[in-house]
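Those protein sequence lines, which keep their order, are chains A, B and C. Counting from 1095, one number per residue, gives the positions in the first sequence under this note's numbering. Counting from 493, one number per residue, gives the positions in the second sequence under this note's numbering. Counting from 500, one number per residue, gives the positions in the third sequence under this note's numbering.
One thing to keep in mind: the hints can contain errors.
As the list claims (entries may be wrong) - Label-pair restraints from in silico Cβ distances:
(1) C:725 <-> B:756: 24 to 32 Å
(2) C:613 <-> B:733: 35 to 43 Å
(3) A:1194 <-> C:771: 46 to 54 Å
(4) B:521 <-> C:753: 53 to 61 Å
(5) C:697 <-> B:538: 19 to 27 Å
(6) A:1125 <-> C:824: 55 to 63 Å
FYI, nobody ran anything at the bench for these hints, they're computed from the structure. Ideal Cβ placement from N, Cα and C applies to all residues, glycine included.
One-letter residues, chain by chain:
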Amino acid sequence: MDYAEIRLSGSGGQGMGLAGRIFSESAITEGYNVCQTQSYGPEARGGASRTDIIFSCHQILFPNCRNLDVLLAMNQESSDKFSDSVREDGLILVDSTYVDQPPEGNRVYEYKLTQTSMETFKIPLAANLIALGIIAALTRYFSLESWTDAIRRTVPERFRDLNLDAFELGHREGREILHVEEGRVPVAYDRKRPVPECIKERFEDRRRASGKGGGSRKSNKRKKDSSKKKKKSGGK
Amino acid sequence: MPAHLPYEYKYLRHKKKFPHVWCPGCGIGILMGSIIRAVDALGWKKDDVVMSSGIGCTSRMPVYVDFNTLHTTHGRALAFSTGVKLANPELQIVAVMGDGDALAIGGNHLIHTARRNLDMTAIVVNNSNYGMTGGQFSPTTPEGAKTSTTPYGMIEPTFDACDLARSAGASFVARGTVYHVMELDKFLQKAMRKKGFSLVEVLSPCPTSFGRRNKQADPVKMMESLRDGTVNTAQAKKMKPEELEGKIVRGIFHDIEKKEYLERYEELCARASETAVK
Amino acid sequence: MIVPWGETRLVQGNEAVALGAVASELDLFAGYPITPSSEVAELLSRFLPQQGKKWIQMEDEIASISAIIGGSLAGARSMTATSGPGFSLMQEGLGYACMTEVPLVLVNVMRGGPSTGLPTQVAQGDVMQARWGTHGDHPVIALIPADVKECFELTIKAFNLAEEYRTPVILLSDEVIGHMRERVDFPEKEEMDLTRQPRPDVPVEWYEHYHPTATNVSPMARFGRGYRFHVTGLTHDVHGFPTRKVDEVNAKMERLKHKITRRLEDLEDNRIHGVEESDVVIFAYGSVYRSAMAARQMLAEEDGENVGVFRPVTIWPFPDKTVKELLDTKDVVLVPELNQGQIIHEVERLTVDSVRVVPLHRVDGYEITPEEIVDRIREVM
Chain A
1095 MDYAEIRLSG
1105 SGGQGMGLAG
1115 RIFSESAITE
1125 GYNVCQTQSY
1135 GPEARGGASR
1145 TDIIFSCHQI
1155 LFPNCRNLDV
1165 LLAMNQESSD
1175 KFSDSVREDG
1185 LILVDSTYVD
1195 QPPEGNRVYE
1205 YKLTQTSMET
1215 FKIPLAANLI
1225 ALGIIAALTR
1235 YFSLESWTDA
1245 IRRTVPERFR
1255 DLNLDAFELG
1265 HREGREILHV
1275 EEGRVPVAYD
1285 RKRPVPECIK
1295 ERFEDRRRAS
1305 GKGGGSRKSN
1315 KRKKDSSKKK
1325 KKSGGK
Chain B
493 MPAHLPYEYK
503 YLRHKKKFPH
513 VWCPGCGIGI
523 LMGSIIRAVD
533 ALGWKKDDVV
543 MSSGIGCTSR
553 MPVYVDFNTL
563 HTTHGRALAF
573 STGVKLANPE
583 LQIVAVMGDG
593 DALAIGGNHL
603 IHTARRNLDM
613 TAIVVNNSNY
623 GMTGGQFSPT
633 TPEGAKTSTT
643 PYGMIEPTFD
653 ACDLARSAGA
663 SFVARGTVYH
673 VMELDKFLQK
683 AMRKKGFSLV
693 EVLSPCPTSF
703 GRRNKQADPV
713 KMMESLRDGT
723 VNTAQAKKMK
733 PEELEGKIVR
743 GIFHDIEKKE
753 YLERYEELCA
763 RASETAVK
Chain C
500 MIVPWGETRL
510 VQGNEAVALG
520 AVASELDLFA
530 GYPITPSSEV
540 AELLSRFLPQ
550 QGKKWIQMED
560 EIASISAIIG
570 GSLAGARSMT
580 ATSGPGFSLM
590 QEGLGYACMT
600 EVPLVLVNVM
610 RGGPSTGLPT
620 QVAQGDVMQA
630 RWGTHGDHPV
640 IALIPADVKE
650 CFELTIKAFN
660 LAEEYRTPVI
670 LLSDEVIGHM
680 RERVDFPEKE
690 EMDLTRQPRP
700 DVPVEWYEHY
710 HPTATNVSPM
720 ARFGRGYRFH
730 VTGLTHDVHG
740 FPTRKVDEVN
750 AKMERLKHKI
760 TRRLEDLEDN
770 RIHGVEESDV
780 VIFAYGSVYR
790 SAMAARQMLA
800 EEDGENVGVF
810 RPVTIWPFPD
820 KTVKELLDTK
830 DVVLVPELNQ
840 GQIIHEVERL
850 TVDSVRVVPL
860 HRVDGYEITP
870 EEIVDRIREV
880 M
């Protein structure tokens, strides 16, 4: 990856700044130049705040994102406001806890980030790290070590384990999505648990479509599938 | 030229050409002598003394004395002095200001330097007006008095600077006059020796601006009214409220032991170094 | 070790300023909280006590500038940080420091104005104020960073210049640069110029606080070291005593002016890209410089056009001679600014009528984008 623009957005207080710093630190570990900017309204909570990260092998000129490779939208306002800035092959992840109307796009993923955070960690604030984990897996920008190193460096000691766990959860979810997308066997299959009908269906579709199974990307299907997939995994 | 000069001359700048700017009948020169005598009595080295001032007649004092002298902007002597003291805590600071300089434009800095109890001596010369600029009223102009900006008489109430300094946090507060010089010498010595923020208010006549407009233009008479219009704390205790009416009380009103700012700052640094080491 | 010499870090702009100050052996910080500069004060409130140095939050900005002048005179390397409204309050004190030739560094992280304006958003509206905000004729040096590493380097440079020229130096950052985080590869300590100016070594009786020299700057004594000099904002002679004598007044005014005007070449610091070869130049400073460079790249890639970029890093004194030399022969000079046109008048002043000087203004609190610059260039070409 030579150059990428990432935007993490949500309402104030959802931890986009921290997530951004972890992202930037990971990029630095991997040897990139990084530039991170933030903007928010005066409200300490609520509103639509964003953290932009640009990483590049070369010098970074303009510090704000203009064509996003990745958009994380933690609330409806951000999703509406920023989805148009995403490139055609860009990736959007929305928190379906708050985003009822996901945006249009070629690679849009919905996940109940805050809800999962509440269920698994009993607090809503781990949602940002779960999101980072998913994005880390889906984009494959940096190695897992770079990410976990960055988390250790950035997060206060008393929250370290919580953040690492949340990131791992997200990363696992992301990997499972990739497994399905790229036609590999879903983890659930391996564990000999009953495969849900929807998954079975899709697998049959795919087999029929390409004869081999393999990763061509179609928007609507994936959107539905991710949410279905996530529904299953949310129970784990 | 007398063969033997008074010891105060040792403390005057010889490069600076006298005469000074003050009017005949002004009391600021008396205060200057009093400060010099206090420095001498305390044995302070000239190199260690910083005299700072704001803007006004009183604030013209520093240029005449052979110390490290700092003539700043209107009202800001205490803020400048704060920086000086922080940069070099060994320096002894005497800040001389007029009533308008210290209590109007400089009021905020007086409050907070007193609150911090930073080690320095603030001397506020109170001649009830802004003399240098032609005699406009100040926060200490008495009600009803005439000044160039109160041609019909002053309508604003005044306040007690000593009270203000004490409640803000000063550890030493006193009031004297340029008539009661021996007493003033003692007050200044005590104030300057004190480790903490000291305030001394010094009543002084301004015959040229204030006196002239209020039918008190005779400097001698103005001095006499300092004598007659003030009482010391011992006398005040014995007087009935009606007797005390219209009289100003002189004396040391407040003299406590209190942790000084730089002591607190040192403790802070110790705590900070511990955290850093961790 | 507070400054990560030789290491790589993700650093915020304001953090870089604080680190630059620590690298310069800052002794005293006195400031007052104001967005978007508060991080400078907050970080220094942690660093300075660790070193046993002085940090104080004063009761207002006027007290802050006053305290750092007093501190500098007593031997401390001093700095304050503020934004628009605070900068306005500091003007009298700034003028005092110029008049009394006291070194200090004043950091202004510019935000939307005028008045309370847009406290959390970017602007470049204080550039003229930095030059003429305080009354009377006075010398000023102002530096403008465009990225986080420069925040570190230019803070160090500001301290050096302040001492070398015995004058306040203003660092004009802005909200975007102040709050952005970038990768910084810190230099080794040996690579930085951290020289200190010599103190006077003449006998006390011969000391003149404003001794005439070829550079109009003489070594400055500090309170408490035996020199017992007088400092006043009144116009003064070589000793520092107030004067109204015509020849002494003129001598002082000339000294103040020529301190800077005789050394313009030393103070100049520009970044020049492709200016000689092109007919169209973008004149930009601060964070707008980055948009200009991105626009230059876009025009080269998309239109095959070579558009030059001229950036002054030292904005005051303005690089008159170089600007005139390089831009007088151009067709178009575009001056994008996050204000309603301040530096553009300097460019107009210096270039002949045949040069088309084109404005591009933005005062809504957002950055000028490279696309806006590209569109405007395409329009005028």
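Consistency of the hints with the structure:
no.	hint	in the structure
1	C:725 <-> B:756: 24 to 32 Å	holds (30 Å)
2	C:613 <-> B:733: 35 to 43 Å	violated (54 Å)
3	A:1194 <-> C:771: 46 to 54 Å	holds (53 Å)
4	B:521 <-> C:753: 53 to 61 Å	violated (35 Å)
5	C:697 <-> B:538: 19 to 27 Å	holds (24 Å)
6	A:1125 <-> C:824: 55 to 63 Å	violated (41 Å)
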